[in-house]
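Colleague: Given the sequences, and given the hints that come with them, work out the whole structure.
Listed below, chain by chain, are the residues.
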Amino acid sequence: MSIGWKNDVDGALAEAQRNKRAVLIDFNAAPM
Amino acid sequence: MYPDTRVEKFINDNYVPVKIHIKEQPKTFERFGAQWTPTIQVLDADGTKRHQFEGFLPPDDFLSQLKLGLAHSAFARQQWKEAESCYDDIVKTLPASDAAPEALYWLGVSRYKSSGDPTALQQTAEAFKTQYRDSTWAKKASVWAK
Chain A
44 MSIGWKNDVD
54 GALAEAQRNK
64 RAVLIDFNAA
74 PM
Chain B
3 MYPDTRVEKF
13 INDNYVPVKI
23 HIKEQPKTFE
33 RFGAQWTPTI
43 QVLDADGTKR
53 HQFEGFLPPD
63 DFLSQLKLGL
73 AHSAFARQQW
83 KEAESCYDDI
93 VKTLPASDAA
103 PEALYWLGVS
113 RYKSSGDPTA
123 LQQTAEAFKT
133 QYRDSTWAKK
143 ASVWAK
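If you're matching them up, the sequences are chains A and B in order. For the first sequence, this note's numbering assigns the number 44 to the initial residue and increments by one for each residue that follows. For the second sequence, this note's numbering assigns the number 3 to the initial residue and increments by one for each residue that follows.
For the record, the hints were derived by calculation from the structure and aren't laboratory data. Be aware that a few hints might be false.
[Said to hold, decoys possible] Taking CB as the label site, the calculated pair distances span:
hint : chain 1 : residue 1 : chain 2 : residue 2 : range
1    : A       : Q60       : B       : S144      : 39 to 47 Å
2    : B       : K29       : A       : Q60       : 33 to 41 Å
3    : B       : K131      : A       : E58       : 30 to 38 Å
4    : B       : D119      : A       : N50       : 44 to 52 Å
5    : A       : N62       : B       : S117      : 40 to 48 Å
6    : B       : K25       : A       : G54       : 19 to 27 Å
7    : B       : V145      : A       : A72       : 37 to 45 Å
8    : A       : E58       : B       : D91       : 22 to 30 Å
9    : A       : R61       : B       : D90       : 42 to 50 Å
10   : B       : A147      : A       : R61       : 25 to 33 Å
11   : B       : T95       : A       : A57       : 25 to 33 Å
12   : A       : E58       : B       : S117      : 30 to 38 Å
13   : B       : P60       : A       : D53       : 26 to 34 Å
14   : B       : K11       : A       : E58       : 12 to 20 Å
Keep in mind it's a predicted model, so treat the numbers as computed, not measured. By construction, the Cβ of each residue, glycine as well, lies at the ideal position given by its N, Cα and C atoms.
Modeller: Listed below in C-alpha cells is the structure:
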C-alpha cells in the first residue's frame, strides 16, 4: 500500500469539499 | 512512520493527503505558518486548521495524532457523537500513545456536550484517578471531581 500524496493544497481542499474529508498536510524537507 | 501499513491505511481512508517540500513550495509553508519540518497539519475542507504537530513520532504516536486530528475536527464542527467515537477509539486502541490522555479528557467533554449531563465530566475525573494520573490532562480534569 502507498499513500496517494498530492502536492496541490487548493486542489486537495476542493477534493475534500467534494468528498467530505479532512486534509492532511505534511510539510517536509526530506531528500527528494 | 509512513512505512507503517496502519498509518498508510488510516491516511488513505480518512484524509486527502498533501506533501509539501520546503524547497519546492516555500510560499505554502508561509501561507499555513509552518516553521519547522516535519510539521503535520489537519485542515477542514474549508481550510480551517484543526490540529498540528511537529517532529518525528513512532507509528503508534503518529497514528494517534492523526486520529486526534479527526476527533478535534468533529469537535470543532460540534459533531459531538462523532467526536466522542473518535476520542474513544484512541483511548481504546492506542492507550499507551502520547495522545491518549488528551483523548480521554476530550472524550469526557464530548459526552458532556452531547448529553448536557455533568456526570460525564465527573466520570472522566474518576477515570484519571486510575490512568494517566501524572498527565497534564489529569490535572485539568481534576476540577470535575465531586
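Colleague: Look at each hint and say if it fits the structure.
Modeller: A quick look at each hint next to the structure:
1. Between Q60 of chain A and S144 of chain B the CB atoms are about 41 Å apart, so this pair conforms to the stated range of 39 to 47 Å.
2. About 22 Å separates the C-beta atoms of K29 of chain B and Q60 of chain A, a value inconsistent with the hinted range of 33 to 41 Å.
3. Under the hint 30 to 38 Å, the C-beta atoms of K131 of chain B and E58 of chain A, about 44 Å apart, miss the expected range.
4. A C-beta distance of roughly 46 Å is found between D119 of chain B and N50 of chain A, which places it inside the suggested range of 44 to 52 Å.
5. For the pair N62 of chain A and S117 of chain B, the supplied restraint of 40 to 48 Å is violated, since their beta-carbon distance comes to about 31 Å.
6. About 20 Å separates the C-beta atoms of K25 of chain B and G54 of chain A, a value consistent with the hinted range of 19 to 27 Å.
7. Checked against the hint of 37 to 45 Å, the pair V145 of chain B and A72 of chain A passes, with Cβ atoms roughly 42 Å apart.
8. Separated by about 24 Å at the C-beta atoms, E58 of chain A and D91 of chain B satisfy the suggested range of 22 to 30 Å.
9. Judged by the Cβ atoms, the range 42 to 50 Å given for R61 of chain A and D90 of chain B is violated: they are separated by roughly 28 Å.
10. Between A147 of chain B and R61 of chain A the beta carbon distance is about 45 Å. The supplied range of 25 to 33 Å is therefore violated.
11. Restraint check, T95 of chain B to A57 of chain A: a C-beta distance of roughly 32 Å satisfies the suggested window 25 to 33 Å.
12. E58 of chain A and S117 of chain B have their C-beta atoms about 35 Å apart, which keeps the hinted 30 to 38 Å range intact.
13. With their beta carbons about 32 Å apart, P60 of chain B and D53 of chain A fall inside the hinted range of 26 to 34 Å.
14. The hinted window of 12 to 20 Å between K11 of chain B and E58 of chain A holds, with their beta carbons roughly 19 Å apart.
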